[in-house]
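Following the hints, complete the assembly by docking chain C onto the known chain P.
Chain by chain, the residues run as shown.
There are 2 protein chains.
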Amino acid sequence: MQFNALVNGHTVIMDAPERVGGEDHGPIPKPFVLTALSGCTGMDVVALLRKQGIQLRDLNLKVSGEISKQTPIEYVSAHIIYEMSGEPEHEQAAKEAVMNSQEKICGVSHMLKKIMPVTWQIVYNGNEVFNNEPQAMALQRA
Amino acid sequence: MQFNALVNGHTVIMDAPERVGGEDHGPIPKPFVLTALSGCTGMDVVALLRKQGIQLRDLNLKVSGEISKQTPIEYVSAHIIYEMSGEPEHEQAAKEAVMNSQEKICGVSHMLKKIMPVTWQIVYNGNEVFNNEPQAMALQRA
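Protein chains in written order, with the working numbering: chain P, 674 to 815; chain C, 674 to 815.
Warning: the hint list may mix true and false statements.
Which copy is meant is left open, because identical chains are indistinguishable; a pair holds if it fits in one copy or across any two.
With a straight-line Cα cutoff of 25 Å, these simulated DSS-like cross-link-like pairs (lysine-lysine) come out [what the hints assert, rightly or not]: (1) K787 / K724; (2) K742 / K724; (3) K742 / K768; (4) K742 / K787; (5) K786 / K768; (6) K777 / K742; (7) K786 / K742; (8) K777 / K787.
The hints are simulated quantities; they were obtained by calculation from the structure and are not laboratory data.
Pulled out of the complex, with its shape left as it was, chain P reads as follows (with noise of 0.2 Å):
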């Protein structure tokens, strides 16, 4: 079940779990998805603080998707937790990185959103100062 992928010159391992016949070797494909999401976004915030001279001291980007509960399988909504960590001063210039990233930039997430909720959340120094994730969706996803 093991497939190594090419993708733009570097090599990506995918396998199965050994339940369904794979060894465990990759992860498995379907949340490569998510994985594009989170990069996606990821180095749009970096690149576009990075305009600004501001870095920030920690980025750590946590995304889950809801699937489907019949065949195929499939993600029906995304959610994205930005943690970040910086001087206080360039919070405001952080949120409107991932903002902007979100609104306009993000191709995967534009993609995404024609089909899905994606909603996102923004963590500064430990504290939240953006979610449009509705409650409902939150205590579902708890």
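Only chain C this time, still in chain P's reference frame:
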């Protein structure tokens, strides 16, 4: 610009090329959408054939995506070439496995088809046995 993504227990590195401020330590994020697509349908095919006791000699998937001309840069179509080799009597089963994956099982393909044309082509022992890509698109991709 490097991001280390933890994807169901496995670390996957993403990076940007040098011309946009990265160090090219891993693939850029967006093509992971196509990686997910290839892995999803590739594993379907292997699993479906395995259930019938059939093992191919070789299965190679080539996925290409056409991107939009404006920001946000997103995929606007995708095409998959399944290059398979195996016993001549397994050709029909191999073709059916691909059709089953594409039309019923593969969640990533099902998601993407909601927003763009996803077409595919089956080459078995060097002979094209299926292709649903419109000729105009094939010419554009060539």
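Tested hints:
For a Cα distance limit of 25 Å, the shortest separation of K787 from K724 qualifies neither inside one copy, at 29 Å, nor across copies, at 35 Å. Proximity of K742 to K724 under the C-alpha cut-off of 25 Å is restricted to the inter-copy arrangement: shortest distance 23 Å between copies versus 43 Å within a copy. For the identical chains of this complex, K742 and K768 are neighbours neither inside a copy (34 Å) nor across copies (27 Å), given an alpha-carbon limit of 25 Å. In this homomeric assembly, K742 and K787 come within 25 Å of each other (Cα to Cα) both inside a single copy, at 20 Å, and across copies, at 18 Å.
Taking the closest pair of Cα atoms, K786 and K768 come within 25 Å of each other only inside a single copy of the chain (20 Å); across copies the shortest separation is 33 Å, beyond that limit. For the homomeric pair K777 and K742, the shortest alpha-carbon distance between copies (14 Å) is at most 25 Å, but the shortest distance inside one copy (31 Å) is not. Proximity of K786 and K742 under a CA criterion of 25 Å is satisfied in both settings, with 20 Å inside one chain copy and 19 Å between copies. Taking identical chains as interchangeable, the C-alpha atoms of K777 and K787 lie at most 25 Å apart whether they share a chain (14 Å) or sit on different chains (21 Å).
Hints 1 and 3, counting from the list given before, are not met by this structure.
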